[in-house]
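Peer 1: One-letter residues, chain by chain:
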Amino acid sequence: MIRIDENGFYGKFGGAFIPEMLYPNIEELRENYLPIINSEEFQVEFRHLLKDYVGRPTPLFLAERLSEKYKAKIYLKREDLCHTGAHKVNNTVGQIILAKKLGKKRIIAETGAGQHGVATATVCALMGMDCTVYMGAVDMERQKPNVERMRILGAKVVPATSGSQTLKDATNEAMRQWINNPVDTHYIIGSVVGPHPYPEMVAKFQSVISEEIKAQLLEKEGRENPDMVIACVGGGSNAAGAFYHYYNEPSVRLIAVEAAGLGIFSGKSAATTSLGKLGILHGSRTLLMQTEDGQVVEPHSISAGLDYPGIGPVHAHLFDTGRGEFVAVEDEDAMVAGIELSRLEGIIPAIESAHAFSALNQLSYNPSDIIVINLSGRGDKDLETYIKWGNY
Amino acid sequence: MNRIDELFKKKSENILSIYFTAGFPSLEDTLPIMKAIEAAGADIIEVGVPYSDPIADGPTIQESNLVALNNGMSLRKLFDQLADMRKEVNLPVILMGYLNPVVQFGVEKFCQKCQEVGVDGLILPDLPMSQYLTEYKEIFDRYELRNTFLISPQTSEKRIREIDSHTDGFIYMVSSASITGAKAALSAEQLAYFERVRLMGLKNPRLIGFGISDNATFKTAASYSHGAIIGSAFINVLKSAEDQEKAVIEYIQGVINN
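For the protein sequence lines, the chains are X and S, in the order given. Each step along the first sequence adds one to the number in our numbering, with nothing skipped, and position 283 is 283. Each step along the second sequence adds one to the number in our numbering, with nothing skipped, and position 168 is 560.
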């Protein structure tokens, strides 16, 4: 059984390893999040916004040409059709309603490539909340359009100039600012990482993905369970959402696809389950890429959304228990898969999601198998990377 | 007897604890800085173990961590540097750092090393009390290491009492809701919090840290507690010092005296 215990652990992973200064913030959230999100009032507002604002349910599309090529029945869960272009907004909608119910006035968030930052700025504009997004200075340079999208939406984008100036440093900076503003501010974490209750809370908001897959598959195939669900994993929020209602359905294979970068052992990789050891980062105990002295290593992936040195604790647990199968896909193979999906189905995927498609080449299955691939985001944001790569 | 216990037995006011990052500004500065802190008349030395992701620290200590790591500092290296420190340093020594490097080193081996070189206590800001009690306390106790918890103005009275009951060195009072770093002065709100905690009658001594930088802030903080801790301001002294020993002694004496 995949289940979180009362202290926020999935097996040996998770918990809340936070400085005492954050304890009141986390405690407030831990005590209140379940009563709030289980309330009818919350659910009505959440469901309404998911439907009429985000555009849910997202389609479950039978990809016939892809199915023909890979000799299985392949469905795409179209999270790329969500407002703002990725699954990230499912979580920010949930957390912004929660923040309002908690009486918070300000929102802070971290972002790597800018997708979560944009999804946060979007819901803050919708709710009229003050929004500050922390982003590594290096990432701000690399992802200028998303910086401007956030600014157009009224958010303040603050560069994180410490360390490697990327996602992990933006997360550090957001946590520091939360320490500095403990009373009126809510921190919207963008993935299933961070101290308890964040990993489980974010997974719950994203679980609408597998909830819909079940209903849609029942309608199309007469069964709720596919043989396999495939999703890419950086921190792992889209995978957690796509797996959530299948954790305890042992007949469903859960395939988590990590970014191997230039090769797992190239020194330029983000394949955490291959390279990581048990460690503590951003408040949770999980698998972590680190030196033998316990310093966190800067990961690499061609997709900015997958280059996180850790992995959500629930995924570390899926790996540890063998419930999840972990596959690593290199930059080049992900790009090829992205072009292939574009040509076969007329969908340009985010490069993160392209990793999930490339995994088909490494997996064995039967022609009668039903496979659901979570198409977590669209590729518009990655056009420059596709162009630079150029092999199409 | 543990040197922290000994110190608080003989001194109960105006205790000054000085924090610096091991390996900053240069790799081999650790022991010379410790000797200078002792010569200057401070009471406790907090040796910072640098970490790539110090989430409770402001820009000054972040930068010193990064410089120290680039200089090649690690726990292995630090224990080598501290191997003979007890021939020259008599003050209580506390290691302060984040949990991950300790976990990688091996908690038991880390504690054993601490005892071997003569470390008296630990401050690990991201080790929560619940985890300390279930996984760490027994090991720390076995190696005679005092563990210090932090409290902040947001910490509830109930939680402060709980922390007090599980502490046997001193309590680290974070002066405001903030990360480390020097501030201009102590506000009325901060003083009210110091007074509130003072009146709780805790069993452990209290040292106030974060935002303490000079004689005025030290004296004010110490008037509500047993003393105070200086970190970022001291790092800034090290950063700009030409004659390190002289600068350390002048700065610390300036904080204590006047």
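It should be emphasised that the hints constitute simulated quantities derived from the structure, not laboratory data. Mixed in with the good hints there might be a few duds.
[What the hints assert, rightly or not] Now the in silico label distances, taken between C-beta atoms and shown as ranges:
1. Lys277/X - Asp397/S: 32 to 40 angstroms
2. Glu148/X - Thr526/S: 30 to 38 angstroms
3. Glu581/S - Glu27/X: 58 to 66 angstroms
4. Thr526/S - Gly346/X: 37 to 45 angstroms
5. Asp606/S - Met127/X: 40 to 48 angstroms
6. Glu554/S - Gly322/X: 32 to 40 angstroms
7. Glu637/S - Arg151/X: 20 to 28 angstroms
8. Lys277/X - Thr526/S: 34 to 42 angstroms
9. Glu27/X - Glu500/S: 28 to 36 angstroms
10. Lys403/S - Ile152/X: 39 to 47 angstroms
11. Arg590/S - Asn7/X: 30 to 38 angstroms
12. Asp472/S - Asn248/X: 32 to 40 angstroms
[As the list claims (entries may be wrong)] In the DMTMM-like style, the derived pairs of lysine to aspartate or glutamate whose C-alpha atoms are separated by at most 25 angstroms in a straight line are:
13. Lys575/S - Asp184/X
14. Lys505/S - Asp184/X
15. Lys71/X - Asp333/X
Given the structure is predicted, the values throughout are model-derived calculations rather than measurements. Heads up, the beta-carbon is just placed ideally off N, CA and C, and yes, glycines get one too.
Peer 1: For the range 39 to 47 angstroms, tell me whether the beta carbons of Lys403/S and Ile152/X fit it or not.
Peer 2: 59 angstroms, violated
Peer 1: For the hint 58 to 66 angstroms, verify it against the beta carbon of Glu581/S and that of Glu27/X.
Peer 2: 21 angstroms, violated
Peer 1: Quick check: does the Cβ-Cβ distance between Asp606/S and Met127/X fall within 40 to 48 angstroms?
Peer 2: Given a distance of about 44 angstroms, which is inside 40 to 48 angstroms, the answer is holds.
Peer 1: Does the Cβ distance between Glu637/S and Arg151/X fall inside 20 to 28 angstroms?
Peer 2: 50 angstroms, violated
Peer 1: Given the hinted pair Lys505/S and Asp184/X, is their alpha-carbon gap at most 25 angstroms?
Peer 2: Not satisfied, since the Cα-Cα distance of roughly 43 angstroms exceeds 25 angstroms.
Peer 1: Could you tell me whether the CB distance from Glu148/X to Thr526/S stays inside 30 to 38 angstroms?
Peer 2: The hinted range 30 to 38 angstroms is violated for Glu148/X and Thr526/S, with Cβ atoms some 48 angstroms apart.
Peer 1: Can the suggested window of 32 to 40 angstroms be confirmed for the beta-carbon pair Glu554/S and Gly322/X?
Peer 2: For Gly322/X against Glu554/S, whose Cβ atoms are near 39 angstroms apart, the range 32 to 40 angstroms holds.
Peer 1: 34 to 42 angstroms was suggested as the range; check whether the CB atoms of Lys277/X and Thr526/S agree with it.
Peer 2: 21 angstroms, violated
Peer 1: Given the hint of 30 to 38 angstroms, is the C-beta distance from Arg590/S to Asn7/X inside that range or not?
Peer 2: Cβ of Arg590/S to Cβ of Asn7/X: about 33 angstroms, so the range 30 to 38 angstroms holds.
Peer 1: Taking 28 to 36 angstroms as the stated bounds, is the beta-carbon spacing between Glu27/X and Glu500/S within them?
Peer 2: At 30 angstroms between Cβs, range holds.
Peer 1: Between the alpha carbons of Lys575/S and Asp184/X, is the straight-line distance 25 angstroms or under?
Peer 2: 21 angstroms, holds
Peer 1: Please check whether Thr526/S and Gly346/X have a Cβ separation lying inside 37 to 45 angstroms.
Peer 2: 54 angstroms, violated
Figure legend: structure checked against the earlier numbered hints; hints not met, in rising order: 2, 3, 4, 7, 8, 10, 12, 14.
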